[in-house]
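Protein chains: 2
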Amino acid sequence: MSRSKRLGIAKKTLDYIPKNIFTIADAKRGDIGNTSSYYADTFFKYLDSDSVTIAPYMGEDSVTPFFSYPNKWVILLALTSNHGALDFQFTTDKNNEELYKKVLRKSQEWGTPENLMYVVGATRAEGIGEVRKLAPEHFFLVPGIGAQGGSLSDVANYGFNSDCGLLVNSSRGIIYASNQSDFAEAAGKAAQELQQEMSKILLEKNF
Amino acid sequence: MSRSKRLGIAKKTLDYIPKNIFTIADAKRGDIGNTSSYYADTFFKYLDSDSVTIAPYMGEDSVTPFFSYPNKWVILLALTSNHGALDFQFTTDKNNEELYKKVLRKSQEWGTPENLMYVVGATRAEGIGEVRKLAPEHFFLVPGIGAQGGSLSDVANYGFNSDCGLLVNSSRGIIYASNQSDFAEAAGKAAQELQQEMSKILLEKNF
Chain D
1 MSRSKRLGIA KKTLDYIPKN IFTIADAKRG DIGNTSSYYA DTFFKYLDSD SVTIAPYMGE
61 DSVTPFFSYP NKWVILLALT SNHGALDFQF TTDKNNEELY KKVLRKSQEW GTPENLMYVV
121 GATRAEGIGE VRKLAPEHFF LVPGIGAQGG SLSDVANYGF NSDCGLLVNS SRGIIYASNQ
181 SDFAEAAGKA AQELQQEMSK ILLEKNF
Chain C
1 MSRSKRLGIA KKTLDYIPKN IFTIADAKRG DIGNTSSYYA DTFFKYLDSD SVTIAPYMGE
61 DSVTPFFSYP NKWVILLALT SNHGALDFQF TTDKNNEELY KKVLRKSQEW GTPENLMYVV
121 GATRAEGIGE VRKLAPEHFF LVPGIGAQGG SLSDVANYGF NSDCGLLVNS SRGIIYASNQ
181 SDFAEAAGKA AQELQQEMSK ILLEKNF
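Chains as they are written, first to last, in our numbering: chain D, 1 to 207; chain C, 1 to 207.
Only chain D is shown next, with the shape it has when bound in the complex (with noise of 0.2 Å):
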């Protein structure tokens, strides 16, 4: 199949999820003001999502066009679930601070807890809680459930804030739960065994 037929699809699939569901780009973008403009176009105007996800490695003029879009999100990469998250998010800076924890700060001056979540890898429990002090009321967008052997417990009793405050992803947990005949099935268990598992630490939380 080719790209744009494919790209086609894409477009088709998000257009036939209902409107009251919150859509996430995780396109990892971020580019020259000038692209990151033509970026946010795309997938804000075109493709409606409702979010996207963005790299900070370029900064504030990288990001900031994507606040130029009233009830959208940007989701900024602060500590991700893989394994070479290890190589430059955490190095430390002469005032001890690690490298995410700087782009939590610096952009706190860009964005508002209504136009800015973070992502935060289910994989760095630890690192969940150092997030949710420095970024008190802002969403995490949580990945690495499932497939990457995050655990949903403890980005729980790491991240909620009030609000709970925690979008939680699971995307091969789901999609590959199985590759024969049973896909439907197996992955409409999957995504409701997660939910399920979710809905009993949010009444253990009292939501």
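Since the hints were made in silico from the structure, they are not lab data.
Careful: at least some of the hints might be erroneous.
Only some residues are given here: those of chain C computed to face chain D with a beta carbon under 10 Å [said to hold, decoys possible]:
#1 Asp-26
#2 Ala-27
#3 Arg-29
#4 Thr-35
#5 Ser-62
#6 Val-63
#7 Thr-64
#8 Leu-77
#9 Thr-80
#10 Asp-93
#11 Glu-130
#12 Arg-132
#13 Ala-147
Short, incomplete list of chain C residues facing chain D, as computed with Cβ under 7 Å [as the list claims (entries may be wrong)]:
#14 Met-58
#15 Gly-59
#16 Lys-106
#17 Glu-126
#18 Gly-129
Glycine included, every Cβ here is placed at the ideal spot set by N, Cα and C.
We have chain D; now place chain C onto it with these hints.
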């Protein structure tokens, strides 16, 4: 025009470029290993681009899948040309190493001068000299000439190695040279002027 039509045109444009011209997908990707593998497949197999730019924030497993394709290149962001480069790339750790230098050092454990280049902005001429010290054999992709204000002679003074080692890029300086009906002539003239300036410098440096 729909995005899928625009992508079809992008593919046709790439196919129209003669195969002996080096192509760069300036896409600034970088995701967990599993996803980076799919991006690599798209850029190197479907689009048949010779290279793709990669953002380093997510570390090793976000970069290395792109090295599995023979005769293809990773162009890793080191020191970018935009103002936001100042936010994180110059952060100095306890050993007095700036983040962009750590990116250069670590990434040379993953790739070689035969499959790894670096993005080094023309607006940071002295930084180019620093990068050249740390990566004497690697090619640099140098954006920021033209619209962003970088100087070609500064770039050459700081960035040349014994093989030249520079791919100098101007995008907006050429494609936005005119928005009138003389667009083709104006773009051609801008490209030729840059080429002639580079020729003169190459001659002065005895290439």
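Outcome of the hint check:
| no. | hint | verdict |
| --- | --- | --- |
| 1 | Asp-26 | 8 Å, holds |
| 2 | Ala-27 | 9 Å, holds |
| 3 | Arg-29 | 7 Å, holds |
| 4 | Thr-35 | 8 Å, holds |
| 5 | Ser-62 | 5 Å, holds |
| 6 | Val-63 | 7 Å, holds |
| 7 | Thr-64 | 9 Å, holds |
| 8 | Leu-77 | 6 Å, holds |
| 9 | Thr-80 | 5 Å, holds |
| 10 | Asp-93 | 5 Å, holds |
| 11 | Glu-130 | 17 Å, violated |
| 12 | Arg-132 | 21 Å, violated |
| 13 | Ala-147 | 8 Å, holds |
| 14 | Met-58 | 5 Å, holds |
| 15 | Gly-59 | 3 Å, holds |
| 16 | Lys-106 | 6 Å, holds |
| 17 | Glu-126 | 19 Å, violated |
| 18 | Gly-129 | 21 Å, violated |
Hint check: violations occur at hints 11, 12, 17, 18; the rest are consistent with the structure.
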